[in-house]
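Protein chains: 2
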Amino acid sequence: MPEFLSLISPEDALALLLSHLDPVLSSEDTATEQALGKVTAEDICSQQDLPEFRRSTVDGYALIARDSHGASESLPAYLELAGEVLMGNTPDFDLGEKECALIHTGGMLPNHANAVVMLEDTQVLEAGVIEIYRSTAPGENMIEIGEDIPEGGIVIPKGTRLRPAEIGGLMALGITEIKTITPPKIGIISSGDEVIPPDRKPRPGEVRDINSYTLGALISELGAEVVHYGIIPDNRHDLKEILQIGLKECDHLIVTAGSSASSRDLTADMMNELGDPGVLVHGVSIKPGKPTIFALADDKVMIGLPGNPVSALVIAYILVRPIVELYLGLGTRKFYPSIPAKLTMNVPSQAGREDWIPVRLIKGKDGVFQANPIFGRSNLIFLLAKADGLVRIPPPTTGLEAGTTVTVRLI
Amino acid sequence: MPEFLSLISPEDALALLLSHLDPVLSSEDTATEQALGKVTAEDICSQQDLPEFRRSTVDGYALIARDSHGASESLPAYLELAGEVLMGNTPDFDLGEKECALIHTGGMLPNHANAVVMLEDTQVLEAGVIEIYRSTAPGENMIEIGEDIPEGGIVIPKGTRLRPAEIGGLMALGITEIKTITPPKIGIISSGDEVIPPDRKPRPGEVRDINSYTLGALISELGAEVVHYGIIPDNRHDLKEILQIGLKECDHLIVTAGSSASSRDLTADMMNELGDPGVLVHGVSIKPGKPTIFALADDKVMIGLPGNPVSALVIAYILVRPIVELYLGLGTRKFYPSIPAKLTMNVPSQAGREDWIPVRLIKGKDGVFQANPIFGRSNLIFLLAKADGLVRIPPPTTGLEAGTTVTVRLI
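These protein sequences, in sequence, are chains B and L.
For the first sequence, counting from 1, position 366 maps to 369 in our numbering; every step adds exactly one.
For the second sequence, counting from 1, position 28 maps to 31 in our numbering; every step adds exactly one.
Where hints are given, some of them may not hold.
Where chains are identical, the list cannot tell them apart; a pair therefore holds if satisfied intra-copy or between any two copies.
Lysine-lysine pairs mimicking DSS-like chemistry, simulated, CA-CA at most 27 Å apart [said to hold, decoys possible]:
| id | residue 1 | residue 2 |
| --- | --- | --- |
| 1 | 293 | 188 |
| 2 | 290 | 161 |
| 3 | 182 | 204 |
| 4 | 243 | 188 |
| 5 | 161 | 303 |
| 6 | 337 | 389 |
| 7 | 345 | 366 |
| 8 | 161 | 366 |
| 9 | 337 | 303 |
| 10 | 161 | 389 |
| 11 | 303 | 366 |
| 12 | 345 | 368 |
| 13 | 161 | 204 |
| 14 | 389 | 182 |
| 15 | 337 | 161 |
| 16 | 204 | 366 |
| 17 | 368 | 337 |
| 18 | 345 | 243 |
| 19 | 337 | 182 |
| 20 | 368 | 161 |
| 21 | 303 | 243 |
| 22 | 293 | 101 |
| 23 | 293 | 161 |
By construction, these hints were calculated from the structure, which means they are not laboratory data.
Since this is a predicted model, take the numbers as computed values, not measurements.
With the hints as extra help, turn the sequences into a complete structure.
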């Protein structure tokens, strides 16, 4: 029996952990102008109708619709010009019967007007008299008060990550300050006796710390706050101490083990000693990333990632990201950006295991992207630096054939 | 003849502008740890081999390959245990014939060893003697010096936007500072007599400024520096003055016109007066965004966008973004994140015009996304706030049918 069959699937592992979590999130006041990428902490309602006045949606003439009834090119209606509506002003006249007013897109309709006829459907006959070539229905080419957003309506639901469009929408309503979720604090610990800081020259046998930086970059890209705990040697005392400090200071901890098996086991042991229920998941049927650990010390999440930088970063994209997003307060409306592409070669896989293959995208002459799998013996981090995204090979299959259309998750 | 046929296509408009541009970009020193999202200003080469020593890729025993020649479960090879390679250390022994050494993933091979046999293919027979059940080839389960990255090799090409994987790769090589492109300065000017700042309560006929904030958010999301010039009334003098100031201080200017036609024409007139060649494009066969203007004053780009907030933001995503990316120094490896989805209803379009339709994504039971077009009379900014992305309707077609698989460009 392949060993992966005895492991939990990535989906089940994540569901198991999430079933234990019900985070209480705190919020803070944020200037809307500074809120790009932040997540709303409450439903945001409009305090006003939008628009607040009846607006024209075209350049043309405001009129009373029935005055244009039956008008056509061969039989125009003739209306008297009552004036021009200046942008940004309330018209200083009302419209009488058989009258019209020059109006620009966004302009305010005069009283009694109930439609706008487009400029191209009119002609100036003589000074003060306009020919109308088209019958216009009440409400045509204009918006009623509150038609876009009624007062009190929810304009942006809780749990929305704010994009340029939402920032603009809030400004349109004059909402210049909002409540956003306080970003969670996520601590990152690198362990391993062979691991040294990047600014030091490694002696033979040593390697520079990569995981603190790849994971830190990803976590801060997601919008959480990163707390770096540096590199901890592989022993019970040091590891336990830093985990205890981290649990006090952070909402989550991510520990990347040294690359040896004993280092990984030590991580799990220590996580079990720090609170209940301890380790929930130890080993996931996913490649790369099999030695992944999910643990809980009371209500704080600890995640153990493999020391191998490719495994650690792939698992961070696939399994850590949804956990962070829960603490970011993100609702269900989230998408993982991707590009559809055709696989350029066969990719073998083991049935029962979920594989994620790094691929590089190449745009074909037909505009269709090709996904070129990147293989490497060493799982060096440059494997991912060369890749544009990851392709999932689902557990039931034994691989994907060249030519298959796949969805490349961008990294 | 539909009027759009006489306009330039978005593709040609962009190509025309880009053909005039050959920006000289400046660069600055950036700490690698702070370089996420920035763009490399030069090819980055490795100053060292990676790995710098021969490393094991598994947990097992380092050995001389020929000593395991012919070994199998029924006929194991017996090797003497010479010692254990400690993580982060140079082994303090060399391997002799018929000897092996316990080694962990990432450990340094002792001298004379040329392969590693995995732990699961071995067994400890008695203290100091290891049974090997598998014939091992030279080079198996190990990486040679420089196999990942040879000294002097280009590891990250110029024009790369740094993601977590690149940050990690640089750290692996001890490159803690790099040269990145200095973000371009992009000035944003809102014009229109009816436009007021968001913190003011509009009088009847006035609307709050949206475009400064949506465009500012998008530009800063892309990685450029935003310079806000606020709201300028629709007259020649004020507009020309602010354009002159902006041209001095910024690399580009983006002007959003008031929503009336006269305001848009004024923008083009002023752009023509400020330098050569002046207006290159005035009107593009795209919806929304037909009144888009591209102009050049000597070597500085000026972009005129429609005052309508939806048009302005859609054009910023579709046409302004590639221009900004040129000044960000981004190479050709850039992708516009998207989600494939099935259109839920027919969307009509006019042949000869490129349409971009806002859609909201809904995940179907089968895991396939459905793209629900969002229509709205007023082109209010909340149309885009409700949307997850945009769907392109290519110019030759007269629309897309329900059920068509489309690529939704996320916004």
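Evaluation of the provided hints:
1. Within a single copy, residue 293 and residue 188 get their C-alpha atoms as close as 26 Å, which meets the 27 Å cut-off; across copies the closest is 46 Å, which misses it.
2. Taking the shortest Cα distances, residue 290 and residue 161 never come within 27 Å of each other, neither inside one copy (35 Å) nor across copies (31 Å).
3. Taking the closest pair of Cα atoms, residue 182 and residue 204 come within 27 Å of each other only across two copies (21 Å); inside a single copy the shortest separation is 46 Å, beyond that limit.
4. Taking the shortest alpha-carbon separations for residue 243 and residue 188, only the intra-copy value of 19 Å comes in at or below 27 Å, while the best inter-copy value is 48 Å.
5. Taking the closest pair of Cα atoms, residue 161 and residue 303 come within 27 Å of each other only inside a single copy of the chain (24 Å); across copies the shortest separation is 42 Å, beyond that limit.
6. Taking the closest pair of Cα atoms, residue 337 and residue 389 come within 27 Å of each other both inside a single copy (26 Å) and across two copies (13 Å).
7. Proximity of residue 345 and residue 366 under a CA criterion of 27 Å is satisfied in both settings, with 10 Å inside one chain copy and 23 Å between copies.
8. Within a single copy, residue 161 and residue 366 get their C-alpha atoms only as close as 38 Å, which misses the 27 Å cut-off; across copies the closest is 19 Å, which meets it.
9. Only within a single protomer do residue 337 and residue 303 lie at most 27 Å apart by alpha-carbon distance; the minimum there is 24 Å, versus 38 Å between protomers.
10. Taking the shortest alpha-carbon separations for residue 161 and residue 389, only the inter-copy value of 13 Å comes in at or below 27 Å, while the best intra-copy value is 37 Å.
11. Taking identical chains as interchangeable, the C-alpha atoms of residue 303 and residue 366 are never at most 27 Å apart, the minima being 44 Å within one chain and 31 Å between chains.
12. For a Cα distance limit of 27 Å, the shortest separation of residue 345 from residue 368 qualifies both inside one copy, at 13 Å, and across copies, at 24 Å.
13. For a Cα distance limit of 27 Å, the shortest separation of residue 161 from residue 204 across copies, 25 Å, qualifies, whereas the shortest one inside one copy, 48 Å, does not.
14. With identical chains, the CA atoms of residue 389 and residue 182 are at most 27 Å apart between copies only, with a shortest distance of 19 Å across copies and 39 Å within one.
15. Taking CA atoms no more than 27 Å apart as the test, residue 337 paired with residue 161 passes inside one copy only; the shortest distance there is 13 Å, against 32 Å between copies.
16. In the homo-oligomer, the alpha carbons of residue 204 and residue 366 never lie at most 27 Å apart, since the shortest distance is 40 Å inside one protomer and 50 Å across protomers.
17. For the identical chains of this complex, residue 368 and residue 337 are inter-copy neighbours only, at 17 Å across copies versus 32 Å inside a copy, given an alpha-carbon limit of 27 Å.
18. Proximity of residue 345 and residue 243 under a CA criterion of 27 Å is satisfied in neither setting, with 47 Å inside one chain copy and 51 Å between copies.
19. In this assembly of identical chains, the alpha carbons of residue 337 and residue 182 lie at most 27 Å apart only when taken from the same copy (20 Å versus 34 Å across copies).
20. Taking the closest pair of Cα atoms, residue 368 and residue 161 come within 27 Å of each other only across two copies (24 Å); inside a single copy the shortest separation is 43 Å, beyond that limit.
21. Within a single copy, residue 303 and residue 243 get their C-alpha atoms as close as 15 Å, which meets the 27 Å cut-off; across copies the closest is 58 Å, which misses it.
22. For the homomeric pair residue 293 and residue 101, neither the shortest alpha-carbon distance inside one copy (79 Å) nor that between copies (33 Å) is at most 27 Å.
23. In this homomeric assembly, residue 293 and residue 161 never come within 27 Å of each other (Cα to Cα): the closest approach is 35 Å inside a single copy and 35 Å across copies.
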